Amino acid sequence: MTESRENKTILQMEGVSRFYRTRGNVFRGGGRLVVALSKINLSLRQGEIFGLVGESGSGKTTCGRLIVRLEEPDEGRITLGGEDITHLKGKRLREYRRQVQMVFQDPYQSLNPQVTIADSVAEPLITHKVGDPLDHLERVLRVLKTAGLSPPEDYVYRFPHQLSGGQRQRVAIARAIVLEPSLLVADEPTSMLDASYSAQIFEILQGVRDKLGATIMFITHSMASARYLCDRIGVIYRGHLVEQGPAEQVINAPKHPYTKALIDATPKFGRSELVPTYGTLLAAERPATSSAGCPFFRRCALAERLLCAGSYPPWRQVGPRQVALCHFAQEEVPPPPPAENAARGETGAP
Amino acid sequence: MALLQVENLGIGYQTAKGLLKAVDGVSFTLEAGRSLGLVGESGCGKTTIGMALMGLLPPNGRIIEGRIVLDGIEISALDEDELRKVRWSKVAMIFQAAMNALNPVKRISAQMAEAIQVHRPEVDDSAAMERVEGLFNLVGLPLERLYDFPHQYSGGMKQRAIIAMALALNPKLIIADEPTTALDVIVQDQILKETKALQEKFNIGIIFISHDISIVADVCHDIGVMYAGQLVEMGSAKDVFFNSQHPYTQALVSSFPTLAGPKTKLAPIPGEPPNLTGAIPGCRFCDRCPKDTASCKLEHPKWQEVGPGHHVLCDHC
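Sequence lines, in order, name chains A and B. The opening residue of the first sequence carries number 0 in numbering that gives the first Met the number 0; numbering runs sequentially from there. The opening residue of the second sequence carries number 0 in numbering that gives the first Met the number 0; numbering runs sequentially from there.
I should point out that these hints are in silico values taken from the structure, not numbers from a laboratory. Here the structure is a predicted model, which is why all the values come from computation and not from measurement. Please note that the accuracy of each hint is not assured.
Facing chain A, from chain B, some residues (calculated, C-beta under 8 Å) [said to hold, decoys possible]:
no.	residue
1	75
2	114
3	115
4	117
5	183
6	196
7	238
8	250
Virtual Cβ for every residue (Gly too), placed ideally from N, Cα, C.
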């Protein structure tokens, strides 16, 4: 869609890991180390919408929080436009946050209930001392309109409880883009909303990319949403990025068994005949093995015990700009995606 | 006779701003062994219907018109004592927040046995435990987890335990209110498939309440689409989704991203649903409807048949 703008890398994560230590207690002794993210390599290109897809607990939110620097990585390096921001502090961190903003999952909790919409959206401008305070209102109105709340005058003096969930999420987006960030991290912005509102949010995010030229990292658990909105998709499993590539390729020709399992499990809207079934998920999990092996070994139907349990899989190039973390992944001539063939003749409905 | 008959059901909530008619003029029937998906956005009244079927409306809610007949018993006319006998033995519910539906300080097996023995006092302890073990096998829970507490279960296991509990007394009707909303896609897929298999095996009627139309499309025989308290379209899953007639259903379907078929542009539905306090004279969707005409605002649309078993609440379809 936007090939020309995608060339420049804006954000880069190199071998980024994040560990959490669970709190120990009297019975169990000391805390246990939980790996939330393990050696993530990821780069976002200017002006793209990158979808990070995974289940709950896979580390996708942690990844977003590291990017906006709500947390610091324990290992690895994050750069934005060439500048190392891994351990920024103080003033430099504040400057960084002007460029990188986040939209949170739950619009019922991310807005202060005691503050009007106008003040909520203007708050980043005040914090970062941007522009003349007299111009703030005008700017707020403009940004509310970009976020699909029109006429914006109707909304500025309302409080969050007077808005529906979809409207609140649009306010949250307005608040995130009022500083015109170059990178926006949207953490499951539609998971709490009804379908009709989700489509609105998708449209607004596309508008933010097209009008402001912002790069967007869209964190989601839904393959279907990622397919709709994103240029590229990364699939994350228990803290390991397992596949990455252009959205259509990852969906139509997935190469990692976990990606295939995710696609198998996604509801097909009563049209399962249009999408192949891969059957890569093991019915019963294997017992735990050493941590040296493939992260997906316990649930993978294709795994071979000797190879997969013992050694960490390499990144394999499996298609144009598509890579998968699997011993067995290889580039193959994909069977013509049945989705397109069958559907073309069948419906012309929008 | 149909397993469940709902006739012209109207449910109101008494609020500070007056009577809020959350459900208005809803009629449908469900045969044994069939599944009906009730879909719609939040606030459309789908959960309220589920609660009314269980006789579990909150104190400020009541059935103001119509009736519910389950297996020959008029549920809407029963008092609390009689309801308690019907509940769980004839109609069971899988609740929305299944994670919180289990008692955290009781072992799973004890909770299940209790549910059985409360309704069937003649069942002794060992027979109840036998039944619990049978239920564990049925829903695919390992028997060595019988004596665990709920916090030791994963989300999917808790959901399975809830389903097992709903099946405990061989109900004829199960109401599943957003049973998989909090679960990951892979677990959701497993649970949906298992629920469907169990339904077929025991010839249970299921009412599946969800805001996610892609799920019900895969699981249910029939679909009822609700908007602002009314049923606006009803028919087989195929008719409703691939040959939608009501403008709201069409809008809902085209606002949903899917993996199957060509990638089409999603069309968001503009506007917001109407406020349900007070009377609404005409069609409730007309403010957001592309087919809106002058007469829509004035007159109640009629429930008409557009194909065999396919009904729509719209005068212009």
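Item to complete: Report the numbers of all earlier hints that the structure fails to satisfy, in ascending order.
Response: The structure conflicts with hints 1, 2, 3, 4, 6 and 7, although it agrees with all the remaining ones.
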